[in-house]
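Going down the list, the sequences are from chains G and W.
Going by the numbering used here, the first residue of the first sequence is number 5, and it counts up by one from there.
Going by the numbering used here, the first residue of the second sequence is number 2, and it counts up by one from there.
These aren't lab readings, by the way, just hints derived from the structure by calculation.
Treat each hint with caution, since some may be false.
Chain W stretches covered by chain G per the calculated footprint, using a threshold of three residues with CB under 8 Å from any CB of chain G [to be verified]: (1) 69-83; (2) 166-173; (3) 185-198; (4) 216-224; (5) 402-411.
Over the 10 Å line for every Cβ pair with chain G, so calculated as not near, a few chain W residues [as the list claims (entries may be wrong)]: (6) LEU9; (7) PRO145; (8) ALA182; (9) LEU372; (10) PRO380.
Owing to the predicted nature of the structure, the values given are computational and were not obtained by experimental measurement.
Here a beta-carbon is modelled for each residue, glycine too, at the ideal position from N, C-alpha and C.
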Amino acid sequence: MSVPSETEPTSRGISRRLVEIVTALSLIGLAAIVLYDSHGRGAGWDGGPQNGFFPARVGWIFLAASLFILWQASRREDGVFVTYVQLGQVARVLGPLVLFVALIAPLGIYVASAIFIVAFMAVVNTSRWWSIALTAVLVPIICFWVFELQFRVPLPKGPLEAALGY
Amino acid sequence: MDDFSSLLAGFQVALSWHNVGFMAIGVVLGIIVGVLPGLGGPNGVAILLPLTFGMDPTSAIILLSSIYWGALFGGAITSILFNIPGEAWSVATTFDGYPMAVQGRAAEALTAAFTASFIGALSGVVLITFVAPLVASFALRFGPAEFFAVFLLTFCSFVGMGRDNRSKIIASLCIGFLLAAVGLDSISGDLRMTFGSAELMRGFDFLIVVIGLFGVGEILLTVEEGLVFKGKHARIDLKVVLKTWAGLPRYWLTLVRSAVVGMWLGVTPGGAIAASFMGYGLAKRFSRKPASFGKGNIEGVLAPETAAHAAGTSALLPMLSLGIPGSATAAVLLGGLLVWGLQPGPMLFVEQKEFVWGLIASMYLGNLAGLIIVLATVPLFAAVMRIPFSFVAPVILIVCAIGAYTISNSIFDIWLMLVFGVIGYVFKKLDYPLAPLVLALVLGDRAEDAFRQALLGSGGSLGVFWANGLVTTLVVLALLLLLWGPLGDALAALRGRRGSEAEDETKPVGVIE
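If we strip away everything but chain G, and leave its shape as in the complex, we get:
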């Protein structure tokens, strides 16, 4: 990861120190939840260690480590966590991916994969339309053949597969 000068427009981005601090704060929050839950159920000794005994002790260590990370983060020199250009690249992958996962339940994994491939290849670069279409059709079919027919692993299926009799 390069940390170029701040004046260049392509190298501006989210502050690393900010992300460090936000992450440390979320870890502290997580530790607090764990401690609340474990002590709520009992983290002491009741004829033997209660079921919150071990998580509570780990939780305290976790809290200490997170606080220390927060302290370190507030003292470190700032840099760029991710530039806006890079973030754009990541968003172009993450967007279609979220769409894909959201579509699995209603449409089944095979149709969702086809849509995902189309969305991804269209968003990411300038492939010719027929290579996108070919990939979008072939990859789900190969997956179907491998998982459904060869390994007999049932994957989530939707209306299309039902219409085809699977």
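Using the hints provided, position chain W relative to the given structure of chain G.
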């Protein structure tokens, strides 16, 4: 020589036709996994694990461990030809490997890397063959307190020997432990930290976490830097191979040194990454012309590869004999053993002789097969890197989703995978190490059980952890390892007076960013 005859029997198991077939398939898959960015050893094994649930355990572990060997080999291809380390442990290989490729000595560099890998792996397997049974029979005497002490040793050595920021290693370990604690508590039968959610009752399956952190997270990290790879061409012919091999005996000292370093770091869970850097550093320090390192010195390829593979292989020793994996991939394999109903640990050597020795024999054969396959197919795998990433990335992500779903047929798990993917991306960028998290997640429940049983036995007194010589030694060793790093830092700070910069020095040297 009881073990020797067991090993021979193991070779008979491993040499059956279908097991040799699985070995070849595994190695090829592993090389693909190692070459492709976004897929790595732990992730590749995790995705395929659910498909092997129906197989005979011996064949299944042969298939999966062969993927591991293949991934170890594959990492070297991308480092040398593309200057992109496919795996973190091949970062050190790029230092001299890529300059060699630029000078037109790619074939020589690849041959050296593969052969060094083979030598490293072989020394690791020999170590396993002779030492693992001894460790296992010794460990038969362990009670819960001793086992907890061994777990403690594992985690402490991660903290003490790690190259990352120590508080982040500790945080990673804790997250792993806490994720492992979610769901049904095996001793009391109560639900923990589910907050009324039915989905969380099953707890977090480590395979989902691995696929998310290592698979999805790695893809997100890769796309950041654009989607084009530029590489050098390579074609290996027999003449170059033989010529390179003829030159190798000159470097025997480097090879031996790296193998020893690798075996040591593999058994103590410092892991292959640290080993490869240490092997490189030692070779440079003891070299007669250290200035030529980084400019295409063949020793700079041999040393890190030997060390990384010796470590990667030795990481299976504690997994088999104690049930404590030395690396993230070993942790995934251990999870596989549990799924197949095999309890890893000392009893495995007594109860599942055929399985253990079949596996060990397959390590010899798998690495030999790997060396031959990888030498023969380099051009093919270099071509894999030329497939446009806009095609490879969605396919990898779809395979990850399928892998996550098949573990327990739940769409919720695919969402979890996505969440852990984003977490993995952020953690990687912030230098939170991921291997400790996975290890703690896999071992969490068993470490907790050992801890609670030990305390139950002693009526709650912590004295049980120094009740006898054995357990005291282990605990003292663990604490020494834990304090090793901070003490070293403190000494260095006192001597150098570099003040507040000291904590930033612990950043890893160059894990893929």
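Going through the hints against the structure:
Judged by the Cβ-Cβ criterion of 8 Å, the segment 69-83 of chain W is not covered by chain G as claimed, because only 0 of its residues qualify and three are needed. Against chain G, the segment 166-173 of chain W contributes 5 residues with a C-beta closer than 8 Å to a partner C-beta. That satisfies the three-residue criterion, and the hint holds. Remark: the segment 185-198 of chain W is confirmed as covered by chain G, as 7 of its residues place a Cβ nearer than 8 Å to a Cβ of that chain, reaching the required three. Proximity of the segment 216-224 of chain W to chain G, defined as three or more residues with a beta carbon under 8 Å from a beta carbon of that chain, is established by the 4 residues found.
Figure legend: the segment 402-411 of chain W, annotated as covered by chain G; annotation consistent (5 residues with Cβ-Cβ distances under 8 Å, at least 3 required). The claim that LEU9(W) lies off the interface holds: its Cβ sits roughly 34 Å from the closest Cβ of chain G, which is beyond the 10 Å cut-off. Annotated as non-interface, PRO145(W) keeps its C-beta farther than 10 Å from every C-beta of chain G; the closest such distance is 12 Å. Listed as outside the interface, ALA182(W) is inconsistent with that label: its C-beta sits roughly 5 Å from the nearest C-beta of chain G, within the 10 Å cut-off.
With a closest Cβ-Cβ approach of about 28 Å to chain G, LEU372(W) is found to remain outside the 10 Å limit, as its non-interface label requires. Non-interface status of PRO380(W) relative to chain G is upheld: no Cβ of that chain comes within 10 Å, the nearest being about 24 Å off.
Against the hints set out earlier in the document, violations occur for numbers 1 and 8.
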